[in-house]
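Engineer: Chain H is fixed; fit chain Y onto it per the hints.
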Amino acid sequence: MIKTEHLSKRYDRVTAVEDVTFEVRPGEVLGFLGPNGAGKTTTMRMLAGFVTPTAGKAFICGHDVEAEPLAAKQRLGYLPEGAPSYGEMRVRRFLEFIADLRRLEGARRRQRLDHVIGRLQLASVLEQSIDTLSKGFRRRVGLAQAIIHDPPVLILDEPTDGLDPNQKFEVRTLINEMARDKIIVISTHILEEVAAVCNRAIIIARGRVVADDTPLRLAARSRYYNAVSLQLERPEQLAAARAAVAALPSVAEVEVSEREVRITALPRSGAAILPAVSQLASSEGLALKELHLESGRLDEVFRSITA
Amino acid sequence: MRNVGIILRRELASYFATPLAYVFILIFLVLSSWFTFYLGGFYERGQADLQPFFAFHPWLYLFLIPAISMKLWAEERKSGSIELLMTQPVKVWEAVLGKYFAAWIFIAIALALTFPIWITVNYLGDPDNGTIIAAYLGSLLLAGGFLAVGSCMSALTRNQVVAFILGVAACFLFLLAGYPMVVNAFQSWAPQALVSAIASLSFLTHFQSIARGVLEARDLLYFAMLIGFFLFTTTVALDLRKAD
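Heads up: the protein sequence lines correspond to chains H and Y, in order.
Residues 1 to 307 in this note's numbering are what the first sequence lists, from first letter to last.
Residues 1 to 244 in this note's numbering are what the second sequence lists, from first letter to last.
Simulated from the structure, these hints should not be mistaken for lab results.
Quick reminder that beta carbons are idealized off the backbone N, C-alpha and C, glycines included.
Any given hint could turn out to be false.
To be verified - What the simulated footprint calls covered on chain Y by chain H, stretch by stretch (three residues with Cβ under 8 Å from a Cβ of chain H suffice, anywhere in the stretch; the number is not a length):
#1 10 to 22
#2 89 to 101
Claimed, not checked - Quick list of in silico lysine-lysine cross-link-like pairs, DSS-like style, CA-CA up to 30 Å:
#3 Y/242 to H/182
#4 Y/242 to H/135
#5 Y/78 to H/57
#6 Y/78 to H/168
#7 Y/71 to H/3
#8 H/57 to Y/242
#9 H/135 to H/182
To be verified - Simulated restraints, written as ranges between beta carbons of each label pair:
#10 H/66 to Y/20: 53 to 61 Å
#11 Y/162 to H/262: 57 to 65 Å
#12 H/5 to Y/186: 51 to 59 Å
#13 Y/180 to H/57: 36 to 44 Å
Isolated chain H, as found in the complex (with noise of 0.2 Å):
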């Protein structure tokens, strides 16, 4: 379990991060949100020891990081920011050294180095310093590192960072495998990455916990949730259309794009639509090339908690 009470950080003048309060229990998987600059990182060094909180306490399975930090970090696997390691070592003995560091030894050394070795693909890269690895490369080393020694407790920060998108697909793959029996938590400012491996959001800004929810719920607050879109055949329909769509009495607003032939009717709140508007596409004879439910748009509730 991972826990903070009231964590904060100040540097000089600078408030960084301020009373930050969560829990998170295992099968959780913990989405850091925030714009650049928020705390999410800083937040992130407190829970790994990294950072000295100026106030407050962190705890990673009841242990206080800084009270106990060698109990804290041998149940900790963390991935700094940028994944940092040894340009000069290879592949094979930096991940030897961080296994040394873990007390790995005999058969489970071995069987873990196999383990990340294959499950981040790094064979063809063993003996390669890292120094000339590409970035994805090196990302995929530091997520080897922080994962070695099956920690029950995964922090990372920005893990799919610098990946192609069949990499990416990889890791979230990854950590959804990992997701059932660990506390994972990381940060991002990729949000389909939210949706794709989180069940759980907290979205910080100037160093405070703004949103904390399940990504499903955090759309919801959206303006768009249970919005109908509809796209049209022909663009000589777009204004009749429009004009008809914005008199239905449920409905609140409605925005249009010419370039799509594109009407996107926006709900008044908690009102369902989609009957509606489907029955007067109908009765209007407007010719459809697609009509769906919006379930809420998470970037723009992002952008109306932290703007």
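Structural biologist: Coordinates of chain Y only, in the frame set by chain H:
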């Protein structure tokens, strides 16, 4: 304690994974021979000892050791690898000792590679090999002292050039503490006890007594305490500001 060994091995290997080790050893050997033969007048003196060889070591170390020590912590800060290291289950002092001893062993290797001059002097004459061994030990301790000072300076900054300059300046002060220009400045007004206290902090006085072949407990203790003090300071400096 096992972590000290693990970190030491990694560090030592990293010296030899880059050109640093080879450049350093080459420059060290070239300069130490050049000082011995040209400035020290190795042949002209007509004496079978290594006094001219060891006499220049303090001045050689003054620039070469900070060049090694500057990267100890400043580089870790710059590259961010300090975050990786400090979030492993490792105590700060274990990392400090591991990195320090790796650098010291590396310098010991460079020093050991000066063995041809020891063979030369044995070939040319009949030197007191006991004195030579003591002088090698003194030189190694001196290097260790410089290195500990440099390690502390490196822990204070993320900029290696700053770490180098601070290292040279601090080592220079410790070297000069026993020299007349420092001692005289205090002698006219300060009590004798303070003057001797400052003079006794000097690297040179302690090194020279060992280099003459006199292995005294107080000289060994001096270096042990000096190294201990600066490594402790390094640990405190890192603990206070790991992330900056």
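Engineer: For every hint, state whether the structure bears it out.
Structural biologist: Status of each hint after checking the structure:
{"no.": "1", "hint": "10 to 22", "in the structure": "holds (count 5)"}
{"no.": "2", "hint": "89 to 101", "in the structure": "holds (count 3)"}
{"no.": "3", "hint": "Y/242 to H/182", "in the structure": "28 Å, holds"}
{"no.": "4", "hint": "Y/242 to H/135", "in the structure": "25 Å, holds"}
{"no.": "5", "hint": "Y/78 to H/57", "in the structure": "28 Å, holds"}
{"no.": "6", "hint": "Y/78 to H/168", "in the structure": "28 Å, holds"}
{"no.": "7", "hint": "Y/71 to H/3", "in the structure": "37 Å, violated"}
{"no.": "8", "hint": "H/57 to Y/242", "in the structure": "18 Å, holds"}
{"no.": "9", "hint": "H/135 to H/182", "in the structure": "27 Å, holds"}
{"no.": "10", "hint": "H/66 to Y/20: 53 to 61 Å", "in the structure": "36 Å, violated"}
{"no.": "11", "hint": "Y/162 to H/262: 57 to 65 Å", "in the structure": "58 Å, holds"}
{"no.": "12", "hint": "H/5 to Y/186: 51 to 59 Å", "in the structure": "54 Å, holds"}
{"no.": "13", "hint": "Y/180 to H/57: 36 to 44 Å", "in the structure": "57 Å, violated"}
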